[in-house]
Amino acid sequence: MNYIHKAAKLVIGAVAAMGIFAGVSSAQAKTSIVSFNGPAGEAYIGKFIKGIKATAELNGYDIKVFENQFNQAEQDQQVQQVLAAGQLPDVFIWWPSDAVAGLGSLRALHKTGVPVLKINQLPNEQDKKYIFGYAGPDDRLRARNAGYMMREAAAAKKAAGGKGFNVIVLSYPHSYGGYGLSINAFKEAIAGSDLKIIGDVDEGFGQANGYKGAAKQIAKSKDQGIDFVYGMDDAILTGGIKALEEAGYTMGKDVIAVGTVCNGDKQLIEEGKQFGTTLQSPLHEGQLAIKLVGEFIKTGKLANYINFTPNPAVTKETLNTTALRGYDGKLYGINELCSGAWSD
Amino acid sequence: MNVQTPTLGIGLFQPIVSKLTRHSSGLVVAMVVLFSAVFLYGAFTAPNFMTLFNLKTVIRDAALVGIMAIGLTFVTLSGNFFLLSMKETAALCIIAFATAMSAGYGFEISFLFSMVIAIAAGVLQGLLIGLGGNPIVVTLGAAGLFFGIGSFWSDNLVVSFRRPHGAEWLGTGSFLGLPNITVAFIVIAIVAELALRYTNFGRQVYLIGANRAAGRATGHENLSMAIKVCTIASVCSAFVAIAFAAQVSSAHVNYFSSSFGSSGDMTILVIATVMVGGNSIMGGYGSTIRSSLGALFISAVDNMMVLHDFNSGPRVLAVGLMIVFSIIVFALINRGRRVQE
Numbered sequence: 001m002n003y004i005h006k007a008a009k010l011v012i013g014a015v016a017a018m019g020i021f022a023g024v025s026s027a028q029a030k031t032s033i034v035s036f037n038g039p040a041g042e043a044y045i046g047k048f049i050k051g052i053k054a055t056a057e058l059n060g061y062d063i064k065v066f067e068n069q070f071n072q073a074e075q076d077q078q079v080q081q082v083l084a085a086g087q088l089p090d091v092f093i094w095w096p097s098d099a100v101a102g103l104g105s106l107r108a109l110h111k112t113g114v115p116v117l118k119i120n121q122l123p124n125e126q127d128k129k130y131i132f133g134y135a136g137p138d139d140r141l142r143a144r145n146a147g148y149m150m151r152e153a154a155a156a157k158k159a160a161g162g163k164g165f166n167v168i169v170l171s172y173p174h175s176y177g178g179y180g181l182s183i184n185a186f187k188e189a190i191a192g193s194d195l196k197i198i199g200d201v202d203e204g205f206g207q208a209n210g211y212k213g214a215a216k217q218i219a220k221s222k223d224q225g226i227d228f229v230y231g232m233d234d235a236i237l238t239g240g241i242k243a244l245e246e247a248g249y250t251m252g253k254d255v256i257a258v259g260t261v262c263n264g265d266k267q268l269i270e271e272g273k274q275f276g277t278t279l280q281s282p283l284h285e286g287q288l289a290i291k292l293v294g295e296f297i298k299t300g301k302l303a304n305y306i307n308f309t310p311n312p313a314v315t316k317e318t319l320n321t322t323a324l325r326g327y328d329g330k331l332y333g334i335n336e337l338c339s340g341a342w343s344d
Numbered sequence: 001m002n003v004q005t006p007t008l009g010i011g012l013f014q015p016i017v018s019k020l021t022r023h024s025s026g027l028v029v030a031m032v033v034l035f036s037a038v039f040l041y042g043a044f045t046a047p048n049f050m051t052l053f054n055l056k057t058v059i060r061d062a063a064l065v066g067i068m069a070i071g072l073t074f075v076t077l078s079g080n081f082f083l084l085s086m087k088e089t090a091a092l093c094i095i096a097f098a099t100a101m102s103a104g105y106g107f108e109i110s111f112l113f114s115m116v117i118a119i120a121a122g123v124l125q126g127l128l129i130g131l132g133g134n135p136i137v138v139t140l141g142a143a144g145l146f147f148g149i150g151s152f153w154s155d156n157l158v159v160s161f162r163r164p165h166g167a168e169w170l171g172t173g174s175f176l177g178l179p180n181i182t183v184a185f186i187v188i189a190i191v192a193e194l195a196l197r198y199t200n201f202g203r204q205v206y207l208i209g210a211n212r213a214a215g216r217a218t219g220h221e222n223l224s225m226a227i228k229v230c231t232i233a234s235v236c237s238a239f240v241a242i243a244f245a246a247q248v249s250s251a252h253v254n255y256f257s258s259s260f261g262s263s264g265d266m267t268i269l270v271i272a273t274v275m276v277g278g279n280s281i282m283g284g285y286g287s288t289i290r291s292s293l294g295a296l297f298i299s300a301v302d303n304m305m306v307l308h309d310f311n312s313g314p315r316v317l318a319v320g321l322m323i324v325f326s327i328i329v330f331a332l333i334n335r336g337r338r339v340q341e
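Going line by line, the protein sequences match chains A and B. Just so it is clear: in the first sequence, position 228 is 228 by this note's numbering, and no numbers are missing. Just so it is clear: in the second sequence, position 177 is 177 by this note's numbering, and no numbers are missing.
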């Protein structure tokens, strides 16, 4: 009887050990990722999170996402929590709320020996030694394409005998990192054309702030004449277009609007109230991040240190024919790629 | 018990001026004169500030925050401090409205749907506050609850409804050259002030706000008052949400949040408006007209600074300074009044 008991215990122990071993080995085989980023409540980031989660799942990776409410102090705390827990992932994905203020946390992540991929905000001189690469949008390319689109619209206006090439800019807050890159690239793109910037207002992100900023800028620049408006993103521009319409301007005729990011209102382009936008897909950004993680895990390095998501220009004419292939191999239409009011 | 209600229109300034001269120290008078001088200098030297078009812009800019501030004033006057859930209530209601609109229910049903949610939100908070809950804690909790529901409901996506739609008249329409949202702000400001001054309910708001014990002794419990004022504030938030959704034909839970820019957080801006208007944070003293003027004043200063080419940083600073200034001046005035009494 005793032998039977002992034999049974041995068998159970062996099975349990095998199970534990199998579990451990499978856990070891599965690449784990921790991503630090903004809140899913923000439309763009919400789609980005969906992108990284879906692509990670597709690749068989474990991913844990830590969201902060655009608050570097909160993100710093999350970093400390992850480090204190002691269970380090294979890769960190780092989208700092504030790249400069968050440098300490990035350094702490780097010190663990776990590779860090920075996303969304271009690396600067201070942080590039702590990361193995960058994935995300190119603020400069996006703004440059918007500038070229506006040049094109201005040239068409001139050819048709139109007059007036004054531009107002509805900006990101001037304290935001993307502002400098966007405004400089836009200015470079329109340099040498008839276009002339006569005003630049920063009220904040989103439609409501776009409306408020534009309303004040209209009051200021009305006498000079407003002929073009550049929105640093479409959400801001959507509010700006409402303010211009309320002030009596006919969009597309009196004022030509160009935006970026495609996070505003698709119908404005369909109606001809907005000349165009430059596409920036949060879905692509998420997918690209995971693709680069895979590349790094496999080869120990990236083919390119800087990796941009595509930013093609989209106008009324190309609205329904624009599509991009995702890093998962699928073809995505514009409604899936954009993050604002773009679904029918 | 000291229950005061200011007079309407031009009469509003009369008690302020007389109080300044009768009750206030030289310091207060100097501060007000200095501030007024800076404001007037800025206003008259800003290009296009004094044009009709720009003045309409100032009022329109103040409208959304002003309507919310009017609702919140009822809460503050009744001695229930502030609702820290103003923007989250608006976030939930804008999602409700846009979801109903996008499902094709039309303006009227979508409006009612959103308002029912606002009333439920107001009643819930009022009930908890009236039963003794701390207004700050209750409304912080409610803020998380409402935002979470809105976020979950919309899956954090923008909910849009195509133009033309039945809500455009509210969002982009105008009446006698004024945007309908501006007209709504003016009408709501007048109706709210009349309700406060000439109805039993209005008098009870002041009574309970000034002295809760006296209110209880005369049969006016804070429970029903808290429910009423919280509901008014929530309904005002919902109206702003609907008007904004009608303007941009879409909704997102974050439409009233901004971590950057001069507008900052909507709830904070609404509280700032009530404070700058000079309403007593302890209740019992103030008016909705004061809050409306607070909204106009903040809007005017912000507008003037944009015309002077200030970016968002200094403008945020200006709003902060206005709150501090307002608190100091009104505190000194009230202290002077109490000393004389």
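Quick caveat, the hints were computed from the structure, so don't treat them as lab data. Don't be surprised by glycine CBs; every beta carbon is placed ideally from N, CA and C. Heads up, a few of these hints could be off.
Stated by the list, open to error - Across the chosen pairs, the derived CB separations fall in these ranges:
hint, chain 1, residue 1, chain 2, residue 2, range
1, A, Gly161, B, Gly320, 44 to 52 Å
2, A, Lys316, B, Ile327, 50 to 58 Å
3, B, Glu168, A, Thr299, 36 to 44 Å
Give me the numbers of the hints this structure contradicts, sorted from smallest to largest. Structure breaks hint 3 only.
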